[in-house]
Amino acid sequence: MAWILPLATSHRFAGIDAPVRIVRGLGGGSQGQVFEVVVGEEALALKWYFPTFLRRDPGLAERLAESIRRGSPNGDFLWPLALLRPTGSEATTLGGAASGFGYLMPLRPAGFQGAVEHAAGRLTISLQNVLRSAFFLARGFHALHSLGLCYKDVSLGNVFLDAGRGRILIGDNDNVEVSGRGGGAVVGTWGFMAPEVALGRSRPDGGSDLFSLAVLLFHLLTRHDPFKGALERAIPCLDLPARRRLYAEEPLFVFDPRDDRNRPDSIEHAAALLTWPLYPRALQQQFERTFGPGLSDSRSRTLTGQWCQQLAATLDQRRLCPNCAEENLLDVRLSGLCRSCGAPLPPPMRLRTAAGLVAVAAGNELHPHHFDVLLAEDLDHPLARMVAHPRRPHLLGLENLSPHSWTLTLQEGQAIAVAPGETGSLAQAATLTTPDGEVTIERPGEPSVAASPR
Amino acid sequence: MAFPNVRLASRPLHFIYLCDCSGSMQAQGKIQSLNQAIRQSLPGMAAVAHDNPEARVLVRAVRFADRAAWHIPTPTPVEELEWVDLRAGGVTAMGEALELLAAELRSPPMEQRALPPVLVLISDGQPTDDFEAGLAALMAEPWARRAVRLAIAMGHDADGEVLQRFIGSDLSRGSAGGALPPGEVPGASGEMPRHGPGRSPRRPLQAANATTLARYIQWASTAVVGAASSSASRLADAAASQEAVPLPDLPPTELDPLDEPDPLKW
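Line by line, the protein sequences give chains A and B. Each residue of the first sequence is one higher than the one before, starting from 1 at the first, in this note's numbering. Each residue of the second sequence is one higher than the one before, starting from 1 at the first, in this note's numbering.
The hints are simulated quantities; they were obtained by calculation from the structure and are not laboratory data. Since the model is a prediction, treat every value here as computed from it, not as a measurement. Beta carbons are placed, not taken as given, at the ideal position from N, Cα and C, and that holds for glycine. A few of these clues could be false.
To list a few chain B residues with every Cβ distance to chain A over 10 Å, as calculated [said to hold, decoys possible]: (1) R7; (2) A47; (3) D51; (4) E54; (5) T74; (6) P77; (7) D85; (8) G89; (9) A102; (10) G160; (11) A214; (12) A227.
Rough simulated footprint, nothing fancy, chain B against chain A, three-plus residues with beta-carbon under 8 Å [to be verified]: (13) 25–32; (14) 47–56; (15) 218–230; (16) 235–244; (17) 264–271.
In silico negatives: residues of chain A with every beta carbon more than 10 Å from chain B [stated by the list, open to error]: (18) W79; (19) A98; (20) V130; (21) R165; (22) A185; (23) L278.
Chain A with its partners taken away, still in its complex shape (with noise of 0.2 Å):
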């Protein structure tokens, strides 16, 4: 590729005291181009921009200044960090890219892989993981439109993934701005981009960027687009007037309750047909809202705090199959079948606190928001994790993760500590008492304590 800035080489920046190395170009777009870069001893990530896009966007400077100013919302952003704009005399080193500018951002940590790779079924990812990455990526979005702001332009191309951890990171946040401003040269990309949006109706704003969100957490959950299905199919080049038909002017959701003209082909969109059955009404529900009256009015669609509760529920929800081992999503009182091997799966274990009702599953967490009805859902900083003992693996325990002692009391009445760091085992357990509030182990056919879950 064709790299505007010189690479291997060091340049002095208005704003900056350190002379920036570009050590290599990274990539590029129609925007322009992505340097790694070192400035002092810190590698980052430069974008510098095509002189061509600065004259299409003329507020962008201002913007990105001010991102820089109120800095990132929490930390899955790859924010801007300073705004590098070439001193005089750098004039003549970097040439035609002289007369434009660029901003420094993080690098993006070994780990994550583009969003991208996901959709593709080129990664490998559990249920579990994929759950917590869309979890994540609502929150960021909270996080950002708590602060007033919008993000407009949410792709599979600008997130990142961290499969192993179910981690995300949200990358190209240069359009960001004021919800309701309306400026900026970007509107979106298709097939995310909100209808009003599409058709030029409106500029992009918070509300566009739920449904663009809804849009998003459809792709990461079902590796499917949520209007490809038999009207897509009918089209044969799917060029843009098609796509304005398919997903502004006559938008339909392929699940749509009501209307079932777009479902998914079983062999060209089989992904959908054999993800979107793993999850649990309430979740389906929230896409059902956001793809119908959502279409039309923004004040339908699923709100960035309601997808974290969902997912956080869902999450709770999660139980292994006792044949096959693998992920299933099922209302903890109810008894099923696995989605994959078709075995019975019986009511199981589960953990009630003041706020949750957690299905016991090795991998499964309590957190600080299950024991107290106020505090948001958040997975940073779990008290407690579901494990299996070293040697027997059909033996559940559950790992102290807090900096705190419990006292696990056992059937019969016995009593056991388990400091920060112990494991203590749930075969026996009958209730748990921790300084963050009491855990009732519940088994399949006793009664049910009469508190109802959050």
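Once you've looked at the hints, dock chain B against the given chain A.
Just chain B, lined up with the frame of chain A:
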């Protein structure tokens, strides 16, 4: 414990080069530059294809001199493509090349469902056969009419009018519908130029030297492929566009003859 082994549905995106291999392409290393530019562009094209799971990018090439023939006959996934050098010699059977192409854009052999094909015509001269018949045969095919058609003129002996007819009329100019007269600089009326002074992807791209050629080939094989698969971010000023595939900005070319008065290495 894994997510089901499924993937996003995809459609083929046919990318087809039409390369002039007439005798004049031997002069000043033009054919070598073209071979080099296409070969160098393949990794970038493969990267774009990789990032667009919705598109299966398949590459082919036609060469034309005394006769036209398929140089790469099989639609080849870009990551598997090995570019075989073109050799120059003969006249310019461009019309026959368009007829060959037309036969392949018929359904079948074209799939029933695909993304808009991208057709790139590269020439340094004038057709010596029946260009009109070839163009008519091509444009009779719906897939050709829906294709993104680009043309690159190598040097200044290329027949700009013929290349423009392959592309079709330049729809990107002006809001009142009228294309600007050739050579007129848009923006003189105070309107924001969409593609920089004097250049538009809806007009033949002037590659006056090897560097510019390489940049245009790279642009066609990356940015245009992204646009044809609609994976690129959409700009507000393109939102009202009626084009079947809105084309991305052209790459910066410092040596473009229209940007710089002193031209021409070949």
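Structure-based check of each hint:
no. : hint    : result
1   : R7      : 3 Å, violated
2   : A47     : 7 Å, violated
3   : D51     : 5 Å, violated
4   : E54     : 8 Å, violated
5   : T74     : 22 Å, holds
6   : P77     : 13 Å, holds
7   : D85     : 22 Å, holds
8   : G89     : 30 Å, holds
9   : A102    : 16 Å, holds
10  : G160    : 23 Å, holds
11  : A214    : 7 Å, violated
12  : A227    : 8 Å, violated
13  : 25–32   : holds (count 5)
14  : 47–56   : holds (count 6)
15  : 218–230 : holds (count 5)
16  : 235–244 : holds (count 8)
17  : 264–271 : holds (count 4)
18  : W79     : 18 Å, holds
19  : A98     : 12 Å, holds
20  : V130    : 5 Å, violated
21  : R165    : 15 Å, holds
22  : A185    : 5 Å, violated
23  : L278    : 8 Å, violated
In this structure, the earlier hints numbered 1, 2, 3, 4, 11, 12, 20, 22 and 23 are contradicted, and the remaining ones agree with it.
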